[in-house]
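Enquirer: Chain P is already provided as a structure; the job is to place chain R on it using the hints.
The lines below spell out each chain.
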Amino acid sequence: MPILAERDQDAVRKEFQRIEGPVKLVVFSQELVAGDLCRQNEQLVREVAALDDRITVELLNPAIDRERTEAYGVDQVPAIVVEGARDYGLRFFGIPSGYEFSNLIDAIIVASSGEPALSEATRTALAGLTDDVHIKVFSTPT
Amino acid sequence: MRLAQHMAVASDRVTATAIEATEFPDLSRAYRVMAVPKIVINDRVEFEGALPEGQFLDAVLRAVAPTAS
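Chains as they are written, first to last, in my numbering: chain P, 1 to 142; chain R, 1 to 69.
Hint data in this document are derived by calculation from the structure and do not stem from the laboratory.
One thing to keep in mind: the hints can contain errors.
[To be verified] Restraint-style ranges between C-beta atoms, simulated for each label pair: (1) S97(P) to A65(R): 29 to 39 Å; (2) E47(P) to A65(R): 38 to 48 Å; (3) T142(P) to L51(R): 16 to 26 Å; (4) G128(P) to P52(R): 14 to 24 Å; (5) T142(P) to A59(R): 18 to 28 Å; (6) G54(R) to G35(P): 20 to 30 Å; (7) L59(P) to A50(R): 31 to 41 Å; (8) E48(R) to A63(P): 27 to 37 Å; (9) Q17(P) to A59(R): 31 to 41 Å; (10) R29(R) to Q17(P): 40 to 50 Å; (11) R29(R) to S102(P): 24 to 34 Å; (12) P52(R) to A127(P): 15 to 25 Å.
C-beta atoms are modelled at their ideal positions from N, C-alpha and C, and glycine is treated no differently.
Only chain R is shown next, with the shape it has when bound in the complex:
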């Protein structure tokens, strides 16, 4: 969450929402949360566990990359 928060402060384009998985079981089910932390970006890119800054950024950029067709 820390990196996501700092990215949100760095860019007006970015929002970071921390979700307490046990309090919102419906959301957790919808996003198939099996392990935490689970990060979901634009409902398009997802991963579990902490990533170093560079790899986290790559995930963000993948989430906004044009879809390959």
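Next comes chain P alone, as it looks inside the complex:
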């Protein structure tokens, strides 16, 4: 049974008209750690990717693909990395449902262009950063 209802699929397809280039969703799953959640996450990602042929999916198992998982800085499953022309540092830990689902769609669109919707002042300030900034955003599905 699909996770996304037909109405949701139509809405996402419409949003995806703003996609400007290829996007890769790297999915991290580990059956022994969180089987059910990882399966649901994979299914959701595949359903989203099926809505636009510019989106591809790659599946990694942290227990097997250790080096790549570490390089991505992923230490939880299920997880998703959203990559555009390069890895911009967009990560999702846990199934992006509810409120997070719209953020996943937004992440796909902004990664596809590499053009963030931010003011000139913000961009200038960020361009001056000399240290790494890791932003964690905790949320719940509702």
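Expert: Frame of chain P; chain R shown alone:
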């Protein structure tokens, strides 16, 4: 999360991680998540709820500012 994501795309220095709090109770406890969204920057600056872009940027800059001594 939207602002954090766009900042990550704007700067190679910035990463944005969305964490589903109910799926990761240990992480949520470690970061004392009582209300969502809760934003934690470099484990140093934190706030709850959405902020306008300018104030979000201020929080980012505070997180990398040298520690006052």
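Enquirer: Now look at each hint and say whether the structure bears it out.
Expert: We went through each hint and held it up to the structure:
1. S97(P) to A65(R): 29 to 39 Å: 36 Å, holds
2. E47(P) to A65(R): 38 to 48 Å: 43 Å, holds
3. T142(P) to L51(R): 16 to 26 Å: 21 Å, holds
4. G128(P) to P52(R): 14 to 24 Å: Holds, since G128(P) and P52(R) (Cβ atoms, about 20 Å apart) stay within the stated range.
5. T142(P) to A59(R): 18 to 28 Å: Hint holds: Cβ distance 25 Å, inside 18 to 28 Å.
6. G54(R) to G35(P): 20 to 30 Å: At 43 Å between Cβs, range violated.
7. L59(P) to A50(R): 31 to 41 Å: Given range 31 to 41 Å: holds, Cβ gap about 33 Å.
8. E48(R) to A63(P): 27 to 37 Å: 35 Å, holds
9. Q17(P) to A59(R): 31 to 41 Å: About 33 Å separates the Cβ atoms of Q17(P) and A59(R), which means 31 to 41 Å holds.
10. R29(R) to Q17(P): 40 to 50 Å: At 41 Å between Cβs, range holds.
11. R29(R) to S102(P): 24 to 34 Å: Once the Cβ atoms are compared, 26 Å apart, the range 24 to 34 Å for S102(P) and R29(R) holds.
12. P52(R) to A127(P): 15 to 25 Å: 20 Å, holds
Comparing the model with each earlier hint shows a violation of hint 6 alone; every other hint is respected.
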